[in-house]
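Here the sequence shown stands for residues 1 to 89, where the numbers follow UniProt numbering.
Hints are not guaranteed to be accurate.
[Unchecked claim] FRET-style restraints, in silico, Cβ to Cβ:
id	residue 1	residue 2	range
1	ASN40	VAL8	14 to 24 angstroms
2	ASN4	VAL46	25 to 35 angstroms
3	ARG61	ASP26	14 to 24 angstroms
[What the hints assert, rightly or not] Calculated pairs, DSS-like style, for lysine-lysine (alpha carbon to alpha carbon, straight line, at most 27 angstroms):
id	residue 1	residue 2
4	LYS31	LYS72
5	LYS3	LYS31
6	LYS77	LYS52
7	LYS31	LYS42
8	LYS3	LYS14
9	LYS41	LYS3
10	LYS72	LYS42
Calculated from the structure, these hints are not laboratory results. We put the beta carbon where it would ideally sit given N, CA and C, even for glycine.
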Amino acid sequence: FKKNMKLVGEIFGKEDQVAAKLKEIDSTVAKVHKEASEANKKALVVMANEGKVSAFGPSSRFGIIHDVYGFKPADEKIEVSTHGQSVTF
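Please take these sequences and the hints and turn them into a complete structure.
Put into C-alpha coordinates, the structure is as follows:
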(Lines of atoms letter the chains of each structure in order from A and count residues from 1; the text may use other names and numbers.)
(Lines give C-alpha, C1' and ligand atoms only; values in the text may rest on other atoms or scores of the structure.)
Protein backbone atom coordinates (compact mmCIF):
# COMPACT_ATOMS: atom_id res chain seq x y z
CA PHE A 1 0.00 0.00 0.00
CA LYS A 2 2.64 2.49 1.05
CA LYS A 3 4.85 1.70 -1.92
CA ASN A 4 1.93 2.25 -4.30
CA MET A 5 0.90 5.49 -2.63
CA LYS A 6 4.45 6.84 -2.76
CA LEU A 7 4.60 6.00 -6.46
CA VAL A 8 1.33 7.86 -7.07
CA GLY A 9 2.75 10.81 -5.15
CA GLU A 10 5.84 10.80 -7.34
CA ILE A 11 3.80 10.61 -10.53
CA PHE A 12 1.68 13.63 -9.59
CA GLY A 13 4.35 15.60 -7.74
CA LYS A 14 2.52 15.22 -4.44
CA GLU A 15 5.20 13.40 -2.42
CA ASP A 16 4.83 15.67 0.62
CA GLN A 17 1.05 15.29 0.74
CA VAL A 18 1.30 11.51 0.40
CA ALA A 19 3.95 11.36 3.14
CA ALA A 20 1.70 13.38 5.48
CA LYS A 21 -1.32 11.15 4.81
CA LEU A 22 0.75 7.98 5.29
CA LYS A 23 1.94 9.36 8.63
CA GLU A 24 -1.71 9.93 9.65
CA ILE A 25 -2.61 6.40 8.60
CA ASP A 26 0.32 4.96 10.57
CA SER A 27 -0.82 6.88 13.64
CA THR A 28 -4.40 5.62 13.32
CA VAL A 29 -3.25 2.03 12.78
CA ALA A 30 -1.03 2.26 15.86
CA LYS A 31 -4.00 3.43 17.95
CA VAL A 32 -6.21 0.61 16.66
CA HIS A 33 -3.45 -1.93 17.33
CA LYS A 34 -2.97 -0.66 20.88
CA GLU A 35 -6.70 -0.74 21.64
CA ALA A 36 -7.17 -4.18 20.05
CA SER A 37 -4.24 -5.63 21.97
CA GLU A 38 -5.37 -4.16 25.28
CA ALA A 39 -9.00 -5.21 24.79
CA ASN A 40 -7.93 -8.85 24.66
CA LYS A 41 -10.71 -9.55 22.15
CA LYS A 42 -10.65 -12.15 19.42
CA ALA A 43 -11.73 -11.64 15.82
CA LEU A 44 -12.74 -13.89 12.96
CA VAL A 45 -13.16 -12.90 9.32
CA VAL A 46 -15.69 -14.98 7.39
CA MET A 47 -16.81 -14.71 3.80
CA ALA A 48 -20.03 -16.10 2.33
CA ASN A 49 -19.94 -16.67 -1.41
CA GLU A 50 -22.28 -18.74 -3.58
CA GLY A 51 -23.57 -20.83 -0.68
CA LYS A 52 -20.14 -21.50 0.82
CA VAL A 53 -18.61 -19.98 3.95
CA SER A 54 -14.87 -19.57 4.47
CA ALA A 55 -12.89 -18.43 7.51
CA PHE A 56 -9.68 -16.42 7.32
CA GLY A 57 -6.96 -16.03 9.95
CA PRO A 58 -3.53 -14.44 10.29
CA SER A 59 -1.37 -14.23 7.15
CA SER A 60 -4.42 -14.72 4.93
CA ARG A 61 -5.78 -12.28 2.36
CA PHE A 62 -7.79 -10.67 5.18
CA GLY A 63 -5.02 -11.11 7.74
CA ILE A 64 -4.70 -7.35 8.15
CA ILE A 65 -7.20 -7.66 11.01
CA HIS A 66 -4.72 -9.80 12.95
CA ASP A 67 -1.35 -8.98 11.40
CA VAL A 68 -1.64 -5.19 11.35
CA TYR A 69 -4.53 -4.19 13.62
CA GLY A 70 -3.57 -6.59 16.42
CA PHE A 71 -6.75 -8.57 16.99
CA LYS A 72 -6.11 -12.07 18.28
CA PRO A 73 -7.48 -14.81 16.02
CA ALA A 74 -10.61 -16.59 17.25
CA ASP A 75 -9.03 -19.85 16.06
CA GLU A 76 -5.26 -20.24 15.84
CA LYS A 77 -5.60 -23.31 13.61
CA ILE A 78 -7.28 -21.74 10.57
CA GLU A 79 -5.42 -22.84 7.45
CA VAL A 80 -3.84 -20.09 5.38
CA SER A 81 -5.10 -20.35 1.82
CA THR A 82 -6.22 -18.08 -0.99
CA HIS A 83 -9.89 -18.89 -0.51
CA GLY A 84 -9.85 -19.42 3.25
CA GLN A 85 -10.69 -22.50 5.24
CA SER A 86 -14.07 -23.99 4.41
CA VAL A 87 -16.59 -23.70 7.24
CA THR A 88 -19.53 -26.03 7.68
CA PHE A 89 -22.53 -25.62 9.94
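Hints versus structure:
1. ASN40 with VAL8: 14 to 24 angstroms: Violated, at about 37 angstroms.
2. ASN4 with VAL46: 25 to 35 angstroms: For VAL46 against ASN4, whose Cβ atoms are near 27 angstroms apart, the range 25 to 35 angstroms holds.
3. ARG61 with ASP26: 14 to 24 angstroms: holds (22 angstroms)
4. LYS31 with LYS72: Satisfied, since the Cα-Cα distance of roughly 16 angstroms is no more than 27 angstroms.
5. LYS3 with LYS31: Holds, at roughly 22 angstroms.
6. LYS77 with LYS52: Holds, at roughly 19 angstroms.
7. LYS31 with LYS42: holds (17 angstroms)
8. LYS3 with LYS14: holds (14 angstroms)
9. LYS41 with LYS3: Distance of about 31 angstroms is beyond 27 angstroms: violated.
10. LYS72 with LYS42: Given pair LYS72, LYS42 holds - Cα atoms ~5 angstroms apart, limit 27 angstroms.
In this structure, the hints that do not hold are numbers 1, 9, in rising order.
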